[in-house]
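Engineer: Sequence:
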Amino acid sequence: MLATFIEQRPELFEAYQSTHPPLQEATVKSRCYLASFFMRDPGELVFLALYEVKDWSETDVDGLAGDPIFSEMLLKVDGVSSEDISAHISSRLAGRARFDFRRTAHLAELGRRLVVADPGGRNYVRRADTTDLEVLELKREARIASPVPPWDQISIDAPEIEHLPNDWASSSRHWRGIYLILDLSDGARYVGSAYGRENLLGRWRVHTASATGVTKELRKRDTRLFRFSILELVSPTATPEEVVARERSWMKRIGTIDRGLNT
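Residue numbers (this note's numbering): 7 to 269.
Treat the hints with care, as some may be off.
[As the list claims (entries may be wrong)] Below, computed lysine-lysine pairings styled on DSS-like, alpha-carbon distance capped at 30 Å: (1) Lys258 <-> Lys222; (2) Lys82 <-> Lys226; (3) Lys35 <-> Lys82; (4) Lys35 <-> Lys60; (5) Lys222 <-> Lys82; (6) Lys60 <-> Lys82; (7) Lys226 <-> Lys258.
[As the list claims (entries may be wrong)] For each label pair, taking beta carbons as the anchor points, the in silico distance ranges come out as: (8) Gly193 <-> His112: 21 to 29 Å; (9) Asp163 <-> Asp68: 27 to 35 Å; (10) Val212 <-> Asp68: 33 to 41 Å; (11) Asp124 <-> Gln14: 18 to 26 Å; (12) Val83 <-> Arg119: 20 to 28 Å; (13) Asp66 <-> Asp124: 32 to 40 Å; (14) Glu50 <-> Ala111: 21 to 29 Å; (15) Val67 <-> Pro242: 50 to 58 Å.
Hints are computed from structural coordinates only; laboratory data are not their basis. For clarity, every value in this text was computed on a predicted model and none was experimentally measured. Ideal Cβ placement from N, Cα and C applies to all residues, glycine included.
Start from the sequences, fold in the hints, and give me the full structure.
Structural biologist: Below you can see the structure in the form of structure tokens.
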């Protein structure tokens, strides 16, 4: 999700990094600049940008709750609804400083390209003058999100569907096929097919658009606990009848009609 924020909605990422717990907050207050990194893969940090620490102010519940960007960030990251946002801010963020970071042009040519080794440790904020960062790579392409994996290796949890990187969304939008939904709460399974508008991406977004599912059995379940994968891709020229036949075949083989969520 954060990778998508960085690439598509930088204002949400900057809202995300604008507050910190007390220990990290004290370190940031003592510095004039903040180098922002993102852990894309375990043990590796990708440099994003160098920010000037322009100013900070104590958080105000009404001010944060009334900030549409900050509210949207909390909804997407923590699932905080508009009804609960004031209580969430009061219990978790009250009294923290909110920083005014200004992105600078310094080292801009390295943004999303410079990869360094994670120095480890529990504190995610570190002083540059006391931390050695081993350079691992300087990528040719400025990129944060992981490349699209082969279709038979894809596994996507429901909260990620809305925030897929552009190339992930593009691929799933063009793929027609048979997919599997796994309910992480109890392992129950549902087989579906996608061959209409926006293909797999369209179907997955329909499944996750509301708090409960869209079929008789799925309506009893929390969509946030769904995990999506692909069982089979079909030809773009396959007829709806052919796709449905493949779908029914998978239902029978996996047993999702008698012992799953298909009817």
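Engineer: Each hint needs a verdict: does it hold in this structure or not?
Structural biologist: Here is what the structure says about each hint:
Taking the CA atoms of lysine 258 and lysine 222, the gap is near 18 Å; set against the 30 Å cutoff, the hint holds. A threshold of 30 Å between alpha carbons decides the hint, and for lysine 82 with lysine 226 the separation of about 23 Å falls inside it, so the pair holds. The hinted pair formed by lysine 35 and lysine 82 meets the criterion: a straight-line CA distance of about 27 Å does not exceed 30 Å. Of the pairs offered as hints, the one joining lysine 35 and lysine 60 holds, with about 10 Å between alpha carbons and a cut-off of 30 Å not exceeded.
Of the pairs offered as hints, the one joining lysine 222 and lysine 82 holds, with about 27 Å between alpha carbons and a cut-off of 30 Å not exceeded. A hinted pair counts as satisfied when its Cα atoms are at most 30 Å apart, and lysine 60 with lysine 82 qualifies at roughly 27 Å. Between lysine 226 and lysine 258 the alpha-carbon distance is near 22 Å, which keeps this suggested pair within the 30 Å criterion. A hinted range of 21 to 29 Å for the beta carbons of glycine 193 and histidine 112 is inconsistent with their spacing of about 50 Å.
Taking the beta carbon of each, aspartate 163 and aspartate 68 are about 33 Å apart, inside 27 to 35 Å as hinted. In this structure, valine 212 and aspartate 68 meet the distance hint of 33 to 41 Å, their C-beta atoms being roughly 36 Å apart. Distance hint for aspartate 124 and glutamine 14: a CB-CB separation of about 25 Å, consistent with the stated range 18 to 26 Å. Evaluation of the 20 to 28 Å hint for valine 83 and arginine 119 yields a pass: the beta carbon distance comes to about 25 Å.
With their beta carbons about 34 Å apart, aspartate 66 and aspartate 124 fall inside the hinted range of 32 to 40 Å. Separated by about 25 Å at the C-beta atoms, glutamate 50 and alanine 111 satisfy the suggested range of 21 to 29 Å. Restraint check, valine 67 to proline 242: a C-beta distance of roughly 52 Å satisfies the suggested window 50 to 58 Å.
When the structure is compared with the earlier hints, a violation turns up for hint 8 alone.
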